[in-house]
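*Asks:* What follows is each chain in one-letter form.
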Amino acid sequence: MKSYTEYLYFETKKPKDFINITHRVEEALQKSGVQEGLCLVNAMHITSSVYINDAESGLLHDFDKWLEKLAPHEPIENYRHNLTGEDNADAHLKRTIMGREVVVAITQGKLDFGPWEQIYYAEFDGQRRKRVLVKIIGE
Amino acid sequence: MKSYTEYLYFETKKPKDFINITHRVEEALQKSGVQEGLCLVNAMHITSSVYINDAESGLLHDFDKWLEKLAPHEPIENYRHNLTGEDNADAHLKRTIMGREVVVAITQGKLDFGPWEQIYYAEFDGQRRKRVLVKIIGE
Amino acid sequence: MKSYTEYLYFETKKPKDFINITHRVEEALQKSGVQEGLCLVNAMHITSSVYINDAESGLLHDFDKWLEKLAPHEPIENYRHNLTGEDNADAHLKRTIMGREVVVAITQGKLDFGPWEQIYYAEFDGQRRKRVLVKIIGE
Numbered sequence: 001m002k003s004y005t006e007y008l009y010f011e012t013k014k015p016k017d018f019i020n021i022t023h024r025v026e027e028a029l030q031k032s033g034v035q036e037g038l039c040l041v042n043a044m045h046i047t048s049s050v051y052i053n054d055a056e057s058g059l060l061h062d063f064d065k066w067l068e069k070l071a072p073h074e075p076i077e078n079y080r081h082n083l084t085g086e087d088n089a090d091a092h093l094k095r096t097i098m099g100r101e102v103v104v105a106i107t108q109g110k111l112d113f114g115p116w117e118q119i120y121y122a123e124f125d126g127q128r129r130k131r132v133l134v135k136i137i138g139e
Numbered sequence: 001m002k003s004y005t006e007y008l009y010f011e012t013k014k015p016k017d018f019i020n021i022t023h024r025v026e027e028a029l030q031k032s033g034v035q036e037g038l039c040l041v042n043a044m045h046i047t048s049s050v051y052i053n054d055a056e057s058g059l060l061h062d063f064d065k066w067l068e069k070l071a072p073h074e075p076i077e078n079y080r081h082n083l084t085g086e087d088n089a090d091a092h093l094k095r096t097i098m099g100r101e102v103v104v105a106i107t108q109g110k111l112d113f114g115p116w117e118q119i120y121y122a123e124f125d126g127q128r129r130k131r132v133l134v135k136i137i138g139e
Numbered sequence: 001m002k003s004y005t006e007y008l009y010f011e012t013k014k015p016k017d018f019i020n021i022t023h024r025v026e027e028a029l030q031k032s033g034v035q036e037g038l039c040l041v042n043a044m045h046i047t048s049s050v051y052i053n054d055a056e057s058g059l060l061h062d063f064d065k066w067l068e069k070l071a072p073h074e075p076i077e078n079y080r081h082n083l084t085g086e087d088n089a090d091a092h093l094k095r096t097i098m099g100r101e102v103v104v105a106i107t108q109g110k111l112d113f114g115p116w117e118q119i120y121y122a123e124f125d126g127q128r129r130k131r132v133l134v135k136i137i138g139e
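Residue numbers (our numbering), protein chains in the order written: chain D, 1 to 139; chain Z, 1 to 139; chain G, 1 to 139.
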């Protein structure tokens, strides 16, 4: 069994952002040399997500608006977590909706994807340095 | 390490549907010959889900109603994604709530499930041909 | 390839509860002897979750309040599932938001975690005996 580990670093200029990381995961896969296996991609921070969906700017706008409705940033004092001095309780909830991780099949040396699947990093409490883990196991 | 890949095809008659696919995943597992490992099952399309929950018709009704409340189909023009000519923005959101994938442990040649766990394919933009991937690795 | 399987048992005193199980997963990992691989941790029951987020009591309170808003327990008769004699339809929905499982990378014999990642068991229909599965594969 082979295994391969890579960390991707992000520091978004905006508090919230969506970044297509498919190509970076494909690069990691090539470096791994794995032909058949599984690829885990996860946020290593608890106010950001890794998820799979469409690379379409309108949809990214819809996600952002929808998440703000389901887990509004304000009023900040509505969240007990924010009594710690943080103002990012909503970011923990938004990340919960979008998910921490994806597991992708590797078949014949490639991410085994449907036609529109793209891997995104979603930031909900940005402007600070954060990491994503890519872990590949297989043969 | 063994690996096994199988694609399941679906074309639902209704726009939205819930299909119990546990038996089909069990058949794939038998073909794989894997005794100890992991089984990934994921939607390969971004408007459908694979999830694990109860095979109870009342609950399927509740899921449908609840998802329609959290991510309503209409008004269609409320979603910027629908400006592309699609009317399925809500399906992308519903699939996000229900999830893209499940990872199931394989123990002694069987899906290592609790008493009520069943694997479902959830369609939110059907009436077209779609795929689910079953990827099994282990020994 | 090595594999290791362990079942964790829970019987919460309260109907809803959040339990930090990171240490128990770390113990399972040590027993497994795996240095590089993947660790699946999943609820084996369909009204509870395993998720990764912050070990901060204010946030746990916020999760509980937020889930009650997104999927209220009452009125019980609003859910068709509850016609079966159960009153836990909301617990199935809450578990869907929080997720069934996490997959964690194992690197150099440890859970490869960011600074705040902690594994939680979330119970939404407690006061009965339930199980969580820890499945580790790797080398």
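Don't read these hints as lab results, they were simulated from the structure. On a predicted model such as this, the values are computed, not experimentally measured, just so you know. Keep in mind that the hints are not guaranteed to be accurate.
It does not matter which identical chain is used: a pair holds within one copy or between any two.
Distance condition first, Cα-Cα at most 16 Å in a straight line; then the derived EDC-like pairs of lysine to aspartate or glutamate [stated by the list, open to error]:
(1) K69 with E36
(2) K2 with E139
(3) K13 with E86
(4) K69 with D112
(5) K110 with E56
(6) K130 with D17
(7) K110 with D17
(8) K110 with E27
(9) K2 with E36
(10) K31 with E86
(11) K31 with E139
(12) K14 with E56
(13) K130 with D112
(14) K65 with D112
(15) K65 with E77
(16) K110 with E11
*Asks:* Give a verdict on every hint.
*Replies:* Against the structure, the hints come out as follows:
| no. | hint | result |
| --- | --- | --- |
| 1 | K69 with E36 | neither (40 Å within a copy, 40 Å between copies) |
| 2 | K2 with E139 | both (6 Å within a copy, 9 Å between copies) |
| 3 | K13 with E86 | neither (19 Å within a copy, 31 Å between copies) |
| 4 | K69 with D112 | neither (33 Å within a copy, 33 Å between copies) |
| 5 | K110 with E56 | neither (23 Å within a copy, 37 Å between copies) |
| 6 | K130 with D17 | within (13 Å within a copy, 30 Å between copies) |
| 7 | K110 with D17 | neither (27 Å within a copy, 30 Å between copies) |
| 8 | K110 with E27 | within (10 Å within a copy, 25 Å between copies) |
| 9 | K2 with E36 | both (10 Å within a copy, 9 Å between copies) |
| 10 | K31 with E86 | neither (39 Å within a copy, 37 Å between copies) |
| 11 | K31 with E139 | within (13 Å within a copy, 19 Å between copies) |
| 12 | K14 with E56 | neither (19 Å within a copy, 25 Å between copies) |
| 13 | K130 with D112 | between (27 Å within a copy, 14 Å between copies) |
| 14 | K65 with D112 | neither (30 Å within a copy, 32 Å between copies) |
| 15 | K65 with E77 | between (21 Å within a copy, 14 Å between copies) |
| 16 | K110 with E11 | neither (28 Å within a copy, 26 Å between copies) |
Hints 1, 3, 4, 5, 7, 10, 12, 14 and 16, counting from the list given before, are not met by this structure.
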